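J.: One letter stands for each residue in the lines below.
2 protein chains.
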Amino acid sequence: MHSLQFTTESSSHGMVERDFTVGEVPGVLWSPASGSGPAPLVLMGHGGGAHKKHPAMLGRARQLVTGCGFHVAVIDAPGHGDRPRSARDEQEIAELRKAQAAGEPEGPIVVRYNARLAEVAVPEWRATLDALQELPEIGDGGPVGYVGIALGTAIGVPLVAAEPRITAAVFGLMWPDALVGAAEQISVPVEFALQWDSERIPRDAGLALFDAFASEEKTLHANAGKHFDFPRCEADSAARFLARHLGGAVTSPA
Amino acid sequence: MHSLQFTTESSSHGMVERDFTVGEVPGVLWSPASGSGPAPLVLMGHGGGAHKKHPAMLGRARQLVTGCGFHVAVIDAPGHGDRPRSARDEQEIAELRKAQAAGEPEGPIVVRYNARLAEVAVPEWRATLDALQELPEIGDGGPVGYVGIALGTAIGVPLVAAEPRITAAVFGLMWPDALVGAAEQISVPVEFALQWDSERIPRDAGLALFDAFASEEKTLHANAGKHFDFPRCEADSAARFLARHLGGAVTSPA
Numbered sequence: 053m054h055s056l057q058f059t060t061e062s063s064s065h066g067m068v069e070r071d072f073t074v075g076e077v078p079g080v081l082w083s084p085a086s087g088s089g090p091a092p093l094v095l096m097g098h099g100g101g102a103h104k105k106h107p108a109m110l111g112r113a114r115q116l117v118t119g120c121g122f123h124v125a126v127i128d129a130p131g132h133g134d135r136p137r138s139a140r141d142e143q144e145i146a147e148l149r150k151a152q153a154a155g156e157p158e159g160p161i162v163v164r165y166n167a168r169l170a171e172v173a174v175p176e177w178r179a180t181l182d183a184l185q186e187l188p189e190i191g192d193g194g195p196v197g198y199v200g201i202a203l204g205t206a207i208g209v210p211l212v213a214a215e216p217r218i219t220a221a222v223f224g225l226m227w228p229d230a231l232v233g234a235a236e237q238i239s240v241p242v243e244f245a246l247q248w249d250s251e252r253i254p255r256d257a258g259l260a261l262f263d264a265f266a267s268e269e270k271t272l273h274a275n276a277g278k279h280f281d282f283p284r285c286e287a288d289s290a291a292r293f294l295a296r297h298l299g300g301a302v303t304s305p306a
Numbered sequence: 053m054h055s056l057q058f059t060t061e062s063s064s065h066g067m068v069e070r071d072f073t074v075g076e077v078p079g080v081l082w083s084p085a086s087g088s089g090p091a092p093l094v095l096m097g098h099g100g101g102a103h104k105k106h107p108a109m110l111g112r113a114r115q116l117v118t119g120c121g122f123h124v125a126v127i128d129a130p131g132h133g134d135r136p137r138s139a140r141d142e143q144e145i146a147e148l149r150k151a152q153a154a155g156e157p158e159g160p161i162v163v164r165y166n167a168r169l170a171e172v173a174v175p176e177w178r179a180t181l182d183a184l185q186e187l188p189e190i191g192d193g194g195p196v197g198y199v200g201i202a203l204g205t206a207i208g209v210p211l212v213a214a215e216p217r218i219t220a221a222v223f224g225l226m227w228p229d230a231l232v233g234a235a236e237q238i239s240v241p242v243e244f245a246l247q248w249d250s251e252r253i254p255r256d257a258g259l260a261l262f263d264a265f266a267s268e269e270k271t272l273h274a275n276a277g278k279h280f281d282f283p284r285c286e287a288d289s290a291a292r293f294l295a296r297h298l299g300g301a302v303t304s305p306a
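Line by line, the protein sequences are chains Z and A.
Note that the first sequence covers residues 53 to 306 in this note's numbering.
Note that the second sequence covers residues 53 to 306 in this note's numbering.
What the hints contain is simulated information worked out from the structure, not anything from laboratory work.
Among the hints, erroneous ones may be present.
You can't tell identical chains apart in this list, so a pair holds if it fits in one copy or across any two.
Stated by the list, open to error - When the alpha-carbon atoms are kept at most 16 angstroms apart in a straight line, the in silico EDC-like pairs for lysine to aspartate or glutamate are as follows:
no.	residue 1	residue 2
1	Lys278	Glu268
2	Lys278	Asp263
3	Lys105	Asp182
4	Lys105	Asp263
5	Lys105	Asp134
6	Lys105	Glu61
All values derive from a computational prediction rather than experimental measurement.
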């Protein structure tokens, strides 16, 4: 088992930001600036083509850390952020760009590419969680949540299915094809978002993935608009959902 | 035009509660206890078999009044609360009970009965809104919202379609059959709730009603569970939705 090595530490936006590695995998841990007792941990998955410190990650982290008092960790997915792309990554990305340029369906390529990334990323996440729980400010008995849409869902669904320590999850914006089997094994509370008029993921495909979760408590948020119209208020809703299920007050970010 | 007559006034739960009549129609107006300047008004529709002061109405009112600083008005639907039932009301209710007891579909009866109530209730609501806007603490230029599920949706959809003063609405838990035409005329922001495993309203029927709204900004909240599992957190969500669109801070109820 690899332990967690912190590489840099800084403070901004009311959070302490610490870069870390677990083995070869680079990550970032955001924590409340005012040191406190053990707090819930949220694992956050970034989107395809993004990375651990993408502005969307930073914005969500700020809500969860300064609004809820949680720790938030993100790791770079394989071939993303500070990690090298393999020849096969390059090939899949080239195929994706080609399909997009030609106006052909990108679903089959994204589904296959993301499923391959998930195979690598799930054990990386589990090792990262092991290492994070060694930290005294997190500990190994506290609540753990997951939030990630698009690629963050392609990796998150098999992760949450495999990982009993994660007790609430927020997903969305992904095709069901590679994920239905894992979703059927998930019974923790789930919030799932889709875009009602998505030009990428057919409406019925999004509804089918939501339907597959075995969770007794699950909620679908479907918003009018296309893929990139995904509304900012869903990040607020995700923070409230995680606060409700992991414990902790929600206040407006400072 | 009938003016509004207040009949009783009391205070509880941090709200001023004033019963009123507009013509023959009895209603209740809940307002912030600390007198303030003009504030947004939310019209609230109760469910079938309920009435203007049903606990669900009181709970939602408390969130909107003490949490958002709004005024909230509810009127009794025809044949509900303090209003007499007609012979035809009695007949429809008897048919509904019979269908429920026999395990037969109640949809066709509810749809027909509620559509008839809406024909009467929509002009009553519009006259009530006229009269409420004569009050100095409401005024005729402020934002107006609507929230109502089940019967509150059967009445609310044609009301919001007809009433340009209402600029945001929360609906849910109703069959689309009598409402699609009116929903297609609604373009203000809408939040719509349905129960994913409803034993009463088929999933596709609920999705079809959500789909019909012409609103550029609309959001569907579908929760796992049967009709009466409708979760309490949707009332919180409705309050936040109305606060976002009508203006006003949201704080936790006192």
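J.: All hints are to be evaluated individually against the structure, with a verdict given for each.
T.: Now the hints, each set against the structure:
1. Taking the shortest alpha-carbon separations for Lys278 and Glu268, only the inter-copy value of 11 angstroms comes in at or below 16 angstroms, while the best intra-copy value is 29 angstroms.
2. Proximity of Lys278 to Asp263 under the C-alpha cut-off of 16 angstroms is restricted to the inter-copy arrangement: shortest distance 14 angstroms between copies versus 21 angstroms within a copy.
3. When the C-alpha separation of Lys105 and Asp182 is checked against a cutoff of 16 angstroms, the pair qualifies neither within a copy, at 22 angstroms, nor between copies, at 52 angstroms.
4. Proximity of Lys105 and Asp263 under a CA criterion of 16 angstroms is satisfied in neither setting, with 31 angstroms inside one chain copy and 36 angstroms between copies.
5. Proximity of Lys105 to Asp134 under the C-alpha cut-off of 16 angstroms is restricted to the intra-copy arrangement: shortest distance 10 angstroms within a copy versus 59 angstroms between copies.
6. Taking the shortest alpha-carbon separations for Lys105 and Glu61, only the intra-copy value of 14 angstroms comes in at or below 16 angstroms, while the best inter-copy value is 56 angstroms.
Of the numbered hints stated above, those contradicted by the structure are hints 3, 4, listed in ascending order.
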